[in-house]
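Required output: the full structure, derived from the provided sequences and hints.
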Amino acid sequence: MLGFRCPFVSWIVPEPSWRPILSTRGRNDVTEPVARLAPAPLEVAAFAGCPSEHSEELLAIVGAGGRLEQVSRSWEHVLGWPLAQLQGRLLLDLVHRDDAAATAAAFAQPPAAGTEISGLENRWRHSDGSWRWLRWFARSDGQRWHALASHVTQRRDLERRALYDALTGLPNRGLLEDRLAQALAALGRSPGWLALLFIDLDGLKVVNDTLGHDAGDEMLRETARRLAGALRDSDTLARIGGDEFLVVANRLRSVSEVGGVAQRLIDAFAAPLRLGGEELPFATSIGVAATSEAGTAARELVRRADVAMYRAKGRGGGCWVRFDEQIAGEVDARLQVESELRLALAHDELRVHYQPIVRLSDGTTVGCEALVRWQHPARGLVGPSEFIDLAEENGLIVPIGAWVLDEACRQAAQWRREGIDLTVSVNVSPRQMNQPDFAELVRATLARRGLQAPSLCLEITETAVLRRLERLATLLGRLKRLGVRIAMDDFGSGFSSLSHLRGLPIDVIKIDGSFVRAVASAGPDRAIVAAILSLGEEMGLTVIAERIEDETQHEALRRLRCPLGQGFHFARPGPVGELQLDGFDARGRPGFGDPYVIREFMRQIGIPARMDR
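Here the sequence shown is numbered in my numbering, starting from 65 and rising by one per residue.
Derived from the structure by calculation, the hints contain no laboratory data.
Just so it is clear, the structure is predicted and the values come from calculations on it, not from any experiment.
Incorrect hints may have been included.
Said to hold, decoys possible - Ranges of calculated distance between the beta carbons of each label pair, as one might list FRET restraints: (1) 636 x 412: 18 to 26 angstroms; (2) 569 x 501: 28 to 36 angstroms; (3) 410 x 646: 31 to 39 angstroms.
The beta-carbon is built from N, C-alpha and C at its ideal position, and this holds for glycine as well.
Okay, structure coming up:
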């Protein structure tokens with residue numbers, strides 16, 4: 065016999081069947097040596113005082129019915145309960161209810177001697193109400209279980225942080241990729257359908273900007289709850305970042321079931337979201353990709369669902385779209401445009417057109433806005449609506465924007481050398497503003513082209529500012545220190561507030577054209593324009609009205625004392641050689657050949673007229 069003795073306890077071990085291991089501190093796994101732990105009769109004179117009291121491992125004798133007959137003092141350290149409250153307690157009194165069935169089955173009436181429990185993990189309630197994970201190894205002597213439990217809460221927490229989203233508790237991208245791979249592999253073993261649903265939460269940015277990020281976090285948690293409630297236990301729901309979620313729905317019997325899954329998720333958002341005493345509309349946009357082929361690449365399935373999701377957002381959100389051949393064709397065409405756009409930069413196919421900015425009181429041209437066009441070798445002149453959004457998505461907007469900035473500064477410097485005093489305005493995209501060196505790019509471009517900073521005005525959209533308010537305040541401050549002017553474009557179309565204007569170094573606000581369209585009639589749009597003009601005057605800001613398309617709008621803005629404007633009424637964007645620099649008539653002079661007179665005449669005699677202005 066081999067005897068092992070510590071000052072408080074003796075283990076009498078039948079040699080050489082096993083050796084005692086009382087502590088494995090620092091080890092990730094203790095399965096092999098401890099699984100063979102099979103103590104013979106235990107001298108328990110001072111069992112609770114063994115040196116394992118300083119260990120994260122717990123010794124126990126579990127008797128009939130799963131009752132703790134004796135435990136080491138380390139139980140006190142790990143669970144916080146006094147030993148007197150632990151000894152004699154049933155395991156199931158302290159084990160988490162979700163782990164109770166597995167625990168009861170493992171520690172049932174001890175079977176034949178030598179039977180082992182290996183690797184069971186369960187949660188135990190701490191005296192403070194929290195939970196601790198224990199990993200069990202035990203062997204029966206025919207009457208009792210002689211057990212050792214390792215405290216593995218830290219390891220479980222690390223695993224969870226690596227695989228689960230901290231905010232919602234859902235699987236993260238890494239765990240979802242593993243589940244998706246398993247689901248695709250299962251298609252090869254049993255026929256059926258698998259659907260991947262790409263879910264984008266509509267309106268999170270608005271909530272963050274208006275109610276704060278705590279409200280946005282609650283919106284995300286509620287999204288997770290509603291999505292999970294609409295899914296089956298076999299489905300996997302994951303948050304992959306921001307306001308995006310993915311669902312893997314497997315074991316579908318037919319493709320028709322795919323639509324049912326998507327519609328249940330849409331219906332889960334029928335009820336409004338209640339935050340801070342307010343009811344907010346709550347909706348998602350869902351893109352669906354389905355397959356019955358085990359060989360489908362996971363990355364391709366995600367791409368299809370992503371593309372379909374953007375189609376759903378394009379329809380206004382709150383709906384689902386399934387990827388099909390038509391969408392596939394559009395994606396192919398989009399990829400073709402992207403490929404050609406990359407070549408356009410290298411082959412000098414981009415052009416800058418200029419639209420005059422006019423003083424409305426006397427028609428003087430005081431500046432111009434630089435607008436990019438694409439001189440396609442086969443399609444001719446392509447407008448920005450066909451490629452700017454794509455360039456913003458794939459990052460090409462950064463080199464395109466840098467090229468437009470350089471070309472506009474070059475042209476403005478040339479005008480200055482010719483004695484023409486014009487300010488040039490250049491649009492800046494959100495992705496450009498996210499570049500850490502953007503302010504330096506502007507400074508270097510001005511220096512290279514020899515243009516004074518006040519001759520350059522950078523236009524940023526109101527919605528882009530509000531989504532990145534804190535970060536952009538710093539960037540705009542750097543740009544202002546260079547001396548350039550800053551304009552807030554599309555003002556009124558987002559979620560404006562005086563505090564935003566007051567806190568940002570803005571020089572110019574451009575009234576969104578949607579308000580200018582009805583400015584000639586007495587109504588809310590005219591009132592909004594008047595309010596913006598009053599606001600600009602009070603804050604010392606220059607105001608420009610956009611998309612002035614006819615003389616009635618021009619005259620109405622003059623009467624409201626709007627200082628500057630631009631639009632088709634004066635000139636369409638065009639090459640620099642066609643730019644009218646000597647100004648425009650302050651008032652229109654309609655005559656027989658005037659298109660507006662012709663259109664009004666045709667309207668009065670009942671002939672529909674559709675004219676491209």
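Exercise. That 28 to 36 angstroms hint for residue 569 and residue 501 (C-beta), does it hold up?
Worked result: With Cβ atoms ~19 angstroms apart, the hint is violated.
For this session: Given the range 18 to 26 angstroms, decide if the beta-carbon distance of residue 636 to residue 412 lies inside it.
Result: At 23 angstroms between Cβs, range holds.
Problem set entry | Verdict for residue 410, residue 646 (Cβ pair) under range 31 to 39 angstroms | holds (37 angstroms)
Hint compliance for this structure: hint 2 is the single one not met.
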